[in-house]
Every structure is written in structure tokens, then in C-alpha cells.
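Colleague: Protein chains in written order, with this note's numbering: chain G, 1 to 293; chain W, 1 to 293.
Careful: at least some of the hints might be erroneous.
[Unchecked claim] Below, a list of computed lysine to aspartate or glutamate pairs in the DMTMM-like style, where the Cα atoms sit at most 20 Å apart: (1) LYS194(W) x GLU154(G); (2) LYS194(W) x ASP42(G); (3) LYS194(G) x GLU149(W); (4) LYS224(W) x GLU154(W); (5) LYS107(W) x GLU75(W); (6) LYS289(G) x GLU110(W); (7) LYS224(G) x ASP200(W); (8) LYS30(G) x GLU19(G); (9) LYS30(G) x GLU290(G); (10) LYS288(G) x GLU19(G); (11) LYS23(G) x GLU290(G); (12) LYS224(W) x ASP200(G); (13) LYS288(G) x ASP89(G); (14) LYS179(W) x ASP206(W); (15) LYS152(W) x ASP200(W); (16) LYS289(W) x GLU110(G); (17) LYS107(W) x GLU290(G); (18) LYS194(G) x GLU154(W); (19) LYS158(G) x ASP200(W); (20) LYS194(G) x ASP206(W); (21) LYS30(W) x GLU19(W); (22) LYS107(G) x GLU290(W); (23) LYS289(G) x ASP89(G); (24) LYS158(W) x ASP200(G); (25) LYS194(W) x GLU149(G); (26) LYS260(G) x GLU19(G); (27) LYS224(W) x ASP200(W).
Don't read these hints as lab results, they were simulated from the structure. Bear in mind the structure is a predicted one, so any value in this text is a computation, not a measurement.
There are 2 protein chains.
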Amino acid sequence: MNLIDGKKISLKIQENIAEEVKKITSSGKKPPHLAAVLVGNDGGSETYVAAKIKACGRVGFNSTLIRHPEYVTEEKLLQTIADLNNNSDIDGFIVQLPLPRHINEHKIIEAVLPSKDVDGFHPINVGRMVLNLPCYVSATPYGIVQLLEHYKIETSGKHCVVVGRSHIVGSPMSILMAKNTTLGNCTVTLCHSKTTNLSDYTRSADILICALGSPEFIKADMIKQGAVVVDVGTTRVESTESKNGFKLKGDVMFNEVSQKCSFITPVPGGVGPMTIASLLKNTLLAAKKEIYP
Amino acid sequence: MNLIDGKKISLKIQENIAEEVKKITSSGKKPPHLAAVLVGNDGGSETYVAAKIKACGRVGFNSTLIRHPEYVTEEKLLQTIADLNNNSDIDGFIVQLPLPRHINEHKIIEAVLPSKDVDGFHPINVGRMVLNLPCYVSATPYGIVQLLEHYKIETSGKHCVVVGRSHIVGSPMSILMAKNTTLGNCTVTLCHSKTTNLSDYTRSADILICALGSPEFIKADMIKQGAVVVDVGTTRVESTESKNGFKLKGDVMFNEVSQKCSFITPVPGGVGPMTIASLLKNTLLAAKKEIYP
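Between the sequences and the hints, there should be enough to build the whole structure, so can you do that?
Modeller: Below is the structure:
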């Protein structure tokens with residue numbers, strides 16, 4: 001079994017980005033600039049945004065954090081987005097989700113200029129992904145694709161089974177793996193909560209991508225000998241073993257599955273660290289105007 | 001075996017649309033108005049556009065046909081699109097594909113106002129479909145969904161296998177069938193030219209959607225007893241049996257497959273006639289501003 005080391009690859013990608021930023025600035029141009037909009041004080045969102053801002057510093061990007069209180073109006077938030085759209089110094093920006101209930105999330109996402117939508121959440125970027133046109137691919141799917149690429153995992157003609165159909169992971173992942181591209185060309189099966197006889201599908205997978213958010217749901221008897229297993233789940237479960245009282249658990253029963261598969265992503269340290277590298281990569285693409293010239 | 005009669009259902013849908021148009025006009029409002037842009041004189045395109053314009057007349061829509069010669073410039077075509085976007089009398093319009101090679105098809109498609117894109121080809125409509133947001137679904141997938149709906153075919157938890165990953169049929173079909181909606185909730189496998197052991201997948205399908213464009217490729221030994229078979233293929237093959245020297249052939253070997261399945265769409269008379277009904281339905285939705293209020 002080979003461990004897919006997301007942490008190491010994420011850092012390597014960030015090193016490459018940092019080098020490219022040095023080239024950009026030494027040629028007299030401004031560094032890429034990412035802005036993040038944070039509404040309220042949700043603990044998870046605070047942590048994620050802080051990590052993104054910190055990563056910007058690490059690779060030499062400029063960053064701006066714009067905070068709004070929990071009770072901000074939709075109108076006010078739309079105004080912030082319009083300002084960021086019009087600000088030529090900002091290359092890309094994200095609005096950290098989830099948003100408070102009184103704000104229409106889809107309306108906010110569709111207000112972001114597609115060319116600055118480095119989260120890849122705007123329908124136009126999702127549609128372009130389906131149509132094989134240049135687009136920003138959202139962080140987690142893009143991160144997984146980069147992992148498979150880095151470990152030279154053969155995908156063409158393989159059976160890829162995706163468990164979970166979320167808009168953020170499962171659904172785009174199923175689309176990407178089936179595309180007629182070098183990393184793609186899988187026969188793809190998308191399974192979800194309504195799937196009957198799930199094991200029949202997972203057991204036939206050459207590549208199994210688990211994104212259900214159900215800790216240790218996938219057991220060794222559900223996978224094929226030699227499969228590639230990508231575990232996207234990250235559920236916090238209480239634990240007396242760790243100082244802060246909880247542990248991150250993936251969707252896969254790591255100890256037993258890792259005995260049977262050829263490659264596996266651990267949790268933590270697998271897919272998770274890749275999301276920041278993906279966001280930075282998208283921001284670099286935005287600064288270079290590679291997707292929307 | 002039950003024959004899925006696309007011709008009958010298409011006419012029924014058109015009757016319903018005609019009734020709704022009567023209500024609209026009798027309330028003093030203008031009827032829905034569809035415009036079609038036709039470039040050059042391709043025989044197939046001429047036939048399709050003529051059929052669409054004729055169908056408009058049948059249901060009481062206004063229609064406009066705008067023709068450009070084969071050598072029209074991209075700039076000129078973009079100007080036509082801008083005029084249609086700005087013309088408040090036009091509810092929706094289509095640009096008949098394919099376009100001549102000197103014109104960038106994607107650029108043309110993205111120039112159509114999403115709210116008037118009744119073909120559902122604009123990336124924003126494709127992305128909204130993926131994200132389960134209101135959108136125009138393109139004619140063939142929408143037609144198939146309506147057929148399954150009309151025949152009350154149970155989809156939830158069923159294994160739907162889609163063969164072919166074209167942007168117009170296979171890919172959107174695989175997305176629609178997996179969605180968390182009444183007509184959806186299938187476990188979906190998307191197969192294509194790079195799939196190995198295709199029969200293993202097709203034989204496990206409760207619902208098999210064939211969109212490969214390879215005449216009579218799917219044989220009886222490739223399907224499960226009692227499966228629902230949707231045949232999207234329409235290939236012209238030479239034939240001495242018909243007056244015009246050719247016959248339309250589906251992807252399915254009808255004579256033998258029909259003995260084994262529970263439902264099947266014939267070619268012609270199955271999926272084909274539904275595409276016009278879908279286009280008219282989308283145009284009605286556009287006139288009522290139901291998708292983009």
C-alpha cells in the first residue's frame with residue numbers, strides 16, 4: 001500500500017507557486033491578490049479563512065480579509081461583491097460559506113464575476129467544467145485530480161466509483177473523472193443515499209472516491225484488492241486521545257482498508273491540505289488571466 | 001414489452017402548450033415568440049429549423065427566422081445575437097448548430113442571454129442544472145425525462161447506465177438521472193469510448209440510455225431482462241426499402257432487444273419527436289419568465 005501524502009504535495013505546489021510569484025514580482029508586476037469575505041464568527045469558517053490568508057503570505061500573494069457581522073444585509077454583501085468585482089487590484093476572491101440563513105447563497109455566488117470566482121462555485125464555471133471549457137475547478141475536486149496526477153495513477157478505462165453527490169465534491173468529481181482528458185476517461189458510477197446495494201458498486205471500483213461524511217463507513221470488504229482509495233470525509237468525532245477532545249475521521253476504515261488497497265489518502269493529511277493549494281493555484285491563474293483572457 | 005410513443009406524447013405536450021397560449025392571448029398578452037438563427041444551407045439544419053418554426057405555428061407561438069450566409073463573420077453573428085438579446089419582443093432564441101468552422105461556437109453560445117437560451121446550451125444553464133437551480137434543460141435530455149415521467153418509470157435507487165458522453169445528450173443525461181429529484185435518484189454509470197467491458201455495465205442497467213450514434217450496436221445479450229431502454233441514436237443508413245434511399249437507425253438492435261426489455265423507445269418515433277416539444281416548453285417558460293424572473 002502506498003500512502004498518498006497530500007500534505008507533502010500541497011507544500012510542493014505552494015513552493016512552485018512561490019517561485020512563480022517571485023518571477024512575476026521581479027519582472028516589476030504586482031503579486032497576485034486574493035480577497036476573502038467572511039460573514040459572522042463561525043468557528044470553522046474563521047479557521048478556514050485564517051489558513052487561506054496565511055497561505056497567501058507564504059507564497060507571496062497579497063491578501064485582503066473583509067469581515068461583515070452575522071446580521072449584514074444581503075444588499076450590503078452584494079455591494080461588497082460589486083466593489084471586489086470592480087477593483088482591478090483584486091485578482092480573485094471568495095465568499096466563505098455557509099452564509100447566514102437570511103442571505104440567499106446562490107444569489108451571492110452568482111454575483112461574483114466568473115473571472116474572479118477562484119472557488120469555482122459560479123454556475124458558469126461549473127457549466128464550463130462540464131463542457132470541457134477553461135474554468136476554475138473548485139478546490140477539493142481540483143485537489144484530488146492533482147493528487148492522482150502526482151502519483152501517476154492510471155485512470156483511462158478504469159471504473160471510478162464516487163460515493164456522495166454533493167455539489168462541492170461528489171458531483172463535480174464524477175464529472176471530472178469521466179471527461180475525455182488525460183486525467184479522466186474513467187467509466188464513472190455516482191452513488192448516493194438512494195443507492196441500493198452500495199457494496200456491489202464499491203467492490204467493482206478501481207478508483208473509489210468517498211465523500212459521504214460518514215465516519216469509517218467504508219470497510220475492507222467493500223473494496224476490491226488493489227483499488228485506489230480517496231477519502232474526502234473529515235468528520236470531527238469526540239476522542240479522549242487528543243488534547244482538544246476530538247479527532248478527524250475519514251469515510252474509510254483506514255486500518256483495514258489500507259491493507260487491501262494499492263493507494264490511499266489518509267485523514268488528516270490527504271485530500272484536506274490540497275484544497276488550499278488548489279485555491280492558490282486558481283488565484284495564480286486569475287492573476288495571469290489564463291481562464292478568462 | 002411496452003413501446004414508448006414519443007410522437008404521441010410530443011403531440012400531447014404541444015396540445016397542452018397550445019391551450020396555455022390561448023389563455024395567454026385571451027388575457028390580452030402577446031403569444032410567446034421564438035427566434036431561430038440559421039447560418040448557411042446545411043441540409044440537416046434546414047430541416048430541423050423548418051420543423052421548429054412549423055411547430056411554433058402549430059401551438060400559436062410567434063416565430064422569426066433569421067438567415068445568414070455561410071460566410072457571415074463572427075462579428076456580424078454576434079451583432080445579431082446582441083439584437084435578439086435586446087429585443088424585448090423575443091422571449092427565447094436558438095442558433096442552429098453546427099456553425100461554419102471560422103466561427104467560434106462557444107463564443108456564440110456564451111453571447112446568448114442565459115434567460116433567452118431556450119436550447120439550454122449556455123454554460124450558466126448547464127451549471128445551474130448541475131447545481132439543481134432553475135434552468136433551461138437542453139431539448140433531448142429534457143425530452144427523455146418527460147418520456148420517463150409520462151410512463152411513470154420508477155427511477156429512485158435504480159441503476160441507470162448512460163452510454164455516450166456527448167455534451168448534448170450523454171453527459172447532461174447522466175447528471176439529471178443522479179439528481180436528488182423525483183425523477184432522478186438513480187445510481188448512474190456513464191460509459192463511453194474508453195470504457196472496457198461495456199456489456200458488464202449495460203447488463204446491470206435497470207434503465208439503459210444509449211447515445212453513442214452507432215447503429216444497432218446494443219444487442220439483446222447486452223441488456224438485462226426487463227430493463228427500460230431509451231434509444232437516442234439516429235443514424236442515417238442507406239436503404240433500398242425506403243423511397244428516399246435511407247433509413248434512420250437507432251443505437252439499439254430493436255427487433256431482439258424489444259423482446260427482452262420492459263419499455264423501449266423506437267427509432268424513429270421515440271426520443272426524436274420529443275426534442276421539439278422540449279424546445280417549445282422552454283420557450284413557454286421563457287415567455288412566462290419562470291426560470292429567470
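Colleague: Are LYS107(W) and GLU75(W) close enough, with their CA atoms no more than 20 Å apart?
Modeller: holds, 11 Å
Colleague: Need the status of pair LYS158(W), ASP200(G): alpha-carbon distance at most 20 Å?
Modeller: Given that 20 Å is the threshold and the Cα spacing comes to 13 Å, the pair holds.
Colleague: Please work out if LYS224(W) and ASP200(G) have their alpha carbons no farther apart than 20 Å.
Modeller: Holds, at about 16 Å.
Colleague: Can the restraint linking LYS194(W) and ASP42(G) be considered satisfied, given a maximum Cα separation of 20 Å?
Modeller: violated, 45 Å
Colleague: Holds or violated: are the alpha carbons of LYS107(G) and GLU290(W) at most 20 Å from each other?
Modeller: Given pair LYS107(G), GLU290(W) holds - Cα atoms ~16 Å apart, limit 20 Å.
Colleague: Does GLU149(W) sit within 20 Å of LYS194(G), going by the straight-line distance between their CA atoms?
Modeller: holds, 19 Å
Colleague: Given the hinted pair LYS158(G) and ASP200(W), is their alpha-carbon gap at most 20 Å?
Modeller: Holds. LYS158(G) to ASP200(W) sits at ~13 Å (cutoff 20 Å).
Colleague: Check whether the Cα positions of LYS224(G) and ASP200(W) lie no farther apart than 20 Å.
Modeller: holds, 16 Å
Colleague: Would you check the hint for LYS179(W) and ASP206(W), treating anything up to 20 Å between C-alpha atoms as holding?
Modeller: holds, 17 Å
Colleague: Is LYS289(G) close enough to GLU110(W), meaning Cα to Cα at most 20 Å?
Modeller: Holds: LYS289(G) and GLU110(W) sit about 18 Å apart, inside 20 Å.
Colleague: Are LYS194(W) and GLU154(G) close enough, with their CA atoms no more than 20 Å apart?
Modeller: holds, 13 Å
Colleague: If you draw a straight line from the CA of LYS30(G) to the CA of GLU290(G), is it 20 Å or shorter?
Modeller: With a Cα-Cα distance of about 16 Å, the restraint between LYS30(G) and GLU290(G) holds, given a limit of 20 Å.
Consistency note: the structure conflicts with the earlier hints numbered 2, 15, 26.
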